[in-house]
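J.: Each chain, written out:
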Amino acid sequence: MFSTFVKSFSSGQNVVMQQTRNTFILKRRFPPTLHKKGGKPPKMKARHFIYDLVEETNVQRKPDMKIILNQFVDGVGKAGDVLTLRPNVAYKEYLMPGLAVYGSPENLAKNEKQEYDTIDEDKKFSSPYVQRTMRGLSHLVLQITMNKLVPWTLEPWHVRVSFRKAGFVVPEHAIEMPPITIRGPDLSLQNKEFYVTVTINKTEKVNVRCRIHHWATGLDRLPSVDFHWKKPMEALIPEQAAVLEEMSLPV
Amino acid sequence: MASSRIQATLRQLSKTYKKKSRFDIGIASELPAAYKKFWREWKVLKPAAVHFVPQEGKWKRDELTGETLPVQNIPLPLKHPAELHEGIWGGEAVIKGFQKRDQLRRRVAHYWVPVLKRTVVRSEVLNTHLSVTVTERTIQLINDHYGFDHYLLKTPACDLVSMLALKLKKQILTELMNGCPRYANNPIKQKEIYEEYKTYLTSYTPEEIEWYGLSWYEALCKVAKQKEAANKPIPLKNVYRKNLLEKLKEAGIEGSHSSAEEMSNATSWLSKMNPFGKKDEA
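As you go down the protein sequences, you meet chains A and B in turn. Counting from 1, position 178 in the first sequence corresponds to residue 167 in the numbering used here; the numbering is continuous, with no gaps. For the numbering used here, count along the second sequence from 1 and bump the result up by 160.
Hints were generated in silico from the structure; no laboratory data involved. Here the structure is a predicted model, which is why all the values come from computation and not from measurement. Glycine residues also receive a C-beta, built at the ideal position from the N, C-alpha and C atoms. Heads up, some of the hints might be wrong.
Claimed, not checked - Straight-line C-alpha distance at most 25 angstroms; calculated DSS-like pairs for lysine-lysine: (1) B:Lys409 to B:Lys203; (2) A:Lys29 to B:Lys179; (3) A:Lys26 to B:Lys397; (4) A:Lys26 to B:Lys179; (5) A:Lys29 to B:Lys218; (6) A:Lys32 to B:Lys239; (7) B:Lys349 to B:Lys314; (8) B:Lys397 to A:Lys29; (9) B:Lys178 to B:Lys239; (10) A:Lys32 to B:Lys385; (11) B:Lys218 to A:Lys16; (12) B:Lys409 to B:Lys397.
Said to hold, decoys possible - Calculated Cβ distances over 10 angstroms to all of chain B for the following chain A residues: (13) Asn59; (14) Asp63; (15) Lys67; (16) Val130; (17) Thr134; (18) Lys154; (19) Val158; (20) Lys220; (21) Gln229.
As the list claims (entries may be wrong) - Computed list of chain B residues with no C-beta within reach of chain A, every gap over 10 angstroms: (22) His289; (23) Arg342; (24) Lys351; (25) Lys407.
This is chain A alone, in the form it adopts within the complex (with noise of 0.2 angstroms):
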């Protein structure tokens, strides 16, 4: 089966009217005859304009290109970083823009002598994907889900655990705790909440915003809210009342 679908493939002209989204390369299918040395073509006749798509290596994937950022980019690196991206991302994302320039040889030898440590905006973040990480904790409700009937003290490994299921793999050193010991179970804490502070690779700090639900199966279940995480709540510690305040909720 895949060895007839080649042959038909390579043999050219059985798939002559494919669309090829490339340069046209073609083959006259008669050649002329030649001519004398010096002198002038031959006269063409019709059957000299007779072409045949070439199947040719325009076709083909193009190679990847070398790019060096000249500034931080949030999400991708910071100023002097070399990337290797497709053609078409890298021209009309980076060059284009004016976020980078070409890695030919003249600029990667410029780079790897000169230092960047000058600018500042490096310095403000111990990663590029920090900004990302960032912006996907700050906007992050975190459902601590703890008992319904069993007795429990909020611990951070409650919290770390609560991340992982949201996708975010936090270890417990990262993790602050707010304030005041939370135990339960407690159905005034339900419609409460606080934050915990996550320490980014021992740099950035972002605070998030933790919501506790209480779970419990059969008659003993809560009924479930359309949209919770949309709605605004009280605070369960007046000090964080304003931080909360400030904190955008997820729209």
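Given the structure of chain A, go ahead and fit chain B onto it with the hints provided.
T.: Using the frame of chain A, we list chain B on its own:
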């Protein structure tokens, strides 16, 4: 015997006779060498093979007979529509020809038209972004040359083909010749750009840059304009007046009121009249 003599004469004549080229007729004979150089680069030089794969080498051997045959690459004739000059197609053009889709079927006419798209290119020397119609090949070439300016400056006119590309090239060369005045507010950058591109200036003289990228008609207009400016006609009345005054001077007849200089400088009574003034003023 007479016929052979005629033949000999003809042969002799054909050696000395030179067919008139377009640079020998009319005002075109006054075109400078700078323009001829550009014309040669644009129209006479063979462009790179874009739409066919040229055969390598000078000779090849016939596999069946062992006969040695010369390699003669006859390029496919290309059509250059007017739209080509409004974009930068990177040497691509329209091909008119036939497709023979089946052995037992009549050939059908077909035009192979390049896929065009509008995109942005950035010129470092001109310090601008431009929106131009290009082909995928153009972008590829720009990337291979590490920049739009490098691509334009390195590629000969016969491969650029389009008028837009040639005009841009001329503008870039002029800009370089003047030392990148667009970067006047940033001398460090200005120097950097100039250092990067100055090697291209060595292959052109200022006159050649002036005559670069002109179409045939534009070049002729330019020559005509220069010619007109060079020999501007002097009104005969001025000449005659001057002659008369000189004659009078020679004859020793002094102007009773004014000297020759004053006469020639004196304004005409006509200019004193103001037809648009008030009645009592006139």
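J.: All the hints need checking, so say for each whether the structure fits it.
T.: Going down the list of hints, with the structure as the test:
1. B:Lys409 to B:Lys203: violated, 61 angstroms
2. A:Lys29 to B:Lys179: holds, 16 angstroms
3. A:Lys26 to B:Lys397: violated, 65 angstroms
4. A:Lys26 to B:Lys179: holds, 21 angstroms
5. A:Lys29 to B:Lys218: Measuring from Cα to Cα gives roughly 18 angstroms; hence the hint holds.
6. A:Lys32 to B:Lys239: holds, 18 angstroms
7. B:Lys349 to B:Lys314: holds, 22 angstroms
8. B:Lys397 to A:Lys29: Between lysine 397 of chain B and lysine 29 of chain A the Cα gap is close to 60 angstroms, so the pair fails against 25 angstroms, i.e. violated.
9. B:Lys178 to B:Lys239: violated, 30 angstroms
10. A:Lys32 to B:Lys385: violated, 42 angstroms
11. B:Lys218 to A:Lys16: Holds: lysine 218 of chain B and lysine 16 of chain A sit about 19 angstroms apart, inside 25 angstroms.
12. B:Lys409 to B:Lys397: holds, 18 angstroms
13. Asn59: holds, 12 angstroms
14. Asp63: Holds, since 22 angstroms exceeds 10 angstroms.
15. Lys67: holds, 21 angstroms
16. Val130: holds, 41 angstroms
17. Thr134: holds, 50 angstroms
18. Lys154: For lysine 154 of chain A, whose nearest Cβ neighbour in chain B is about 44 angstroms away, the distance exceeds 10 angstroms, so it holds.
19. Val158: Holds, because the least Cβ-Cβ distance between valine 158 of chain A and chain B comes to about 39 angstroms, which exceeds 10 angstroms.
20. Lys220: holds, 45 angstroms
21. Gln229: holds, 48 angstroms
22. His289: Contrary to the label, histidine 289 of chain B does not stay out of reach of chain A, its closest Cβ about 7 angstroms off (not over 10 angstroms).
23. Arg342: holds, 15 angstroms
24. Lys351: At about 15 angstroms from chain A, lysine 351 of chain B clears the 10 angstroms cut-off, so the statement holds.
25. Lys407: holds, 67 angstroms
Hints 1, 3, 8, 9, 10 and 22 from the list above are not met by this structure, while the remaining hints are.
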